[in-house]
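> Given next are the chains, with one letter for each unit.
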Amino acid sequence: MSSVLVSVEERVRSAWEALARVEDPEIPAVSIVDLGLIRFVHVKPNETLDVGLSPTYVGCPATEVIRRSVIEALEEARVGEFEVNTVLSPAWTSDWISAEGRRKLTAYGIVPPERTVSNMRDVLRADRPVACPRCHSLDTQTVSEFGSTPCKALHRCRACLEPFEYFKCI
Amino acid sequence: MSASVKKVDAQALFRYVLRLGDLSLVLGQRLGEWVGHSPALEEDLGLANIALDLIGQARLLLSYAGEVEGRGRDEDKLAYLREQGTYLNPILAEQPNGDFGQTIVRQVLIDAFQLELYQRLAGSLDERLASIAAKSVKEVRYHLRYSAGWLVRLGDGTDESRARVQSAVDSLWPYTVELFAEDDLDSSMADSGIAPRLSEVYAAWSARLDAILAEATLQRPADRPHAWHGKRGQHSEHLGYILAEMQYLQRAYPDARW
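Sequence lines, in order, name chains A and B. Be aware that the first sequence starts at 1, since it is given in our numbering, and climbs by one per residue. Be aware that the second sequence starts at 1, since it is given in our numbering, and climbs by one per residue.
Take the hints with a grain of salt, since some may be wrong.
As the list claims (entries may be wrong) - A few chain B positions that, by computed beta-carbon distances, are all more than 12 Å from chain A:
no.	residue
1	Ser-24
2	Arg-71
3	Gly-149
Said to hold, decoys possible - FRET-style restraints, in silico, Cβ to Cβ:
no.	chain 1	residue 1	chain 2	residue 2	range
4	A	Gly-109	B	Tyr-253	37 to 45 Å
5	A	Val-6	B	Gly-193	53 to 61 Å
6	B	Glu-245	A	Arg-158	51 to 59 Å
Please keep in mind that the hints were generated in silico from the structure rather than gathered at the bench. Each residue gets a CB set at the ideal place from its N, CA and C atoms; glycine is no exception.
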């Protein structure tokens, strides 16, 4: 590999470009960079790239798939030596989903999360009513806090009667 | 680890982390028994999701425990190749699922415990434990919202549902004593700034339970002195059956991979 000829800045840049193309296996509309799962791409003193990856939920099976996809994408992009490290602290929060990520989620039919600060004060109370992504009615109900993946809750719109998913705020 | 941590005995830290990990592992395995059998599809998904989070916590905690122990045991070896007497979960976690109401009661009791414990553990001087707790507490909030929501609906529901959950509260309540019984290991962890005082966790847990039980129109049973020692490896017969199922494959086909 001719990585010696490429500057470190270029390697970091192509790493970010490659990572931005890695999709979340459960929500293919959104890249893992949009979701805020890539915490950093640092350069270690020996010029190895240090990629920080955070899980959304500690038991989420997609985490293993994402890790493999990240490694494949970086190998394909020929960014030279790299390592992928799991970052738990500070814990990932749904606040880190980018504006672009939120837009893509909405377009995909998943309601993006509310901001966490107001939400966690009383753990026993559900979130404020979530607007239906189809008809925008606020007359919706939570069917379950746990949906098809750890990160999504199941809701139903009483106005248009359609079920929809809400990306939980954590 | 931070320089301000008093020198901690690795074996003690190993056992403490194992207690936390085993609680999550055993409860997660228990909840997994509901998959395909829940009263409704939504509850099947809900309980399976909570189980998944708990197994995720267990993986982080057991991996860390193995590193602290330093004898080459990883998360899988600790989960699949330990005998019952070396599991250190409080025995509330291994109590049978019973009906849906009993599962919900067990869940409320442990969710509220983990919530109050992890919130404080997030400030631990042990950075690794602090980061695992800070991550996990976010998920536990959703677990408690789910379980407490169901307890309120069942308690403040029909005569039948109310009678069933009250009886589950009465029968499971004595097991909560063990969660908060501070032994030498808990004390040494609190003295080193690694774990919170269990008396502090109890006060917060107790207030939270009072609020939930009141909303569910259920009676809080009187505390009775009990001495359970799951945290020291003395278990009820239930744990053996859980492990027999969970460990079967690794014991029948050691180091099996697929």
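> For the hint 51 to 59 Å, verify it against the beta carbon of Glu-245/B and that of Arg-158/A.
42 Å, violated
> Could you check the hint for me, namely that Gly-109/A and Tyr-253/B are 37 to 45 Å apart, CB to CB?
43 Å, holds
> Against chain A, does Gly-149/B keep a CB gap of more than 12 Å to every residue?
7 Å, violated
> Does Ser-24/B really sit off the interface, with its C-beta more than 12 Å from all C-beta atoms of chain A?
10 Å, violated
> Taking the shortest Cβ-to-Cβ distance between Arg-71/B and chain A, state whether it exceeds 12 Å.
Non-interface label stands for Arg-71/B: nearest chain A Cβ at 23 Å, farther than 12 Å.
> Does the beta carbon distance between Val-6/A and Gly-193/B stay inside 53 to 61 Å, or does it fall outside?
About 46 Å separates the Cβ atoms of Val-6/A and Gly-193/B, which means 53 to 61 Å is violated.
Taken one by one, the earlier hints fail for this structure at numbers 1, 3, 5 and 6, listed in ascending order.
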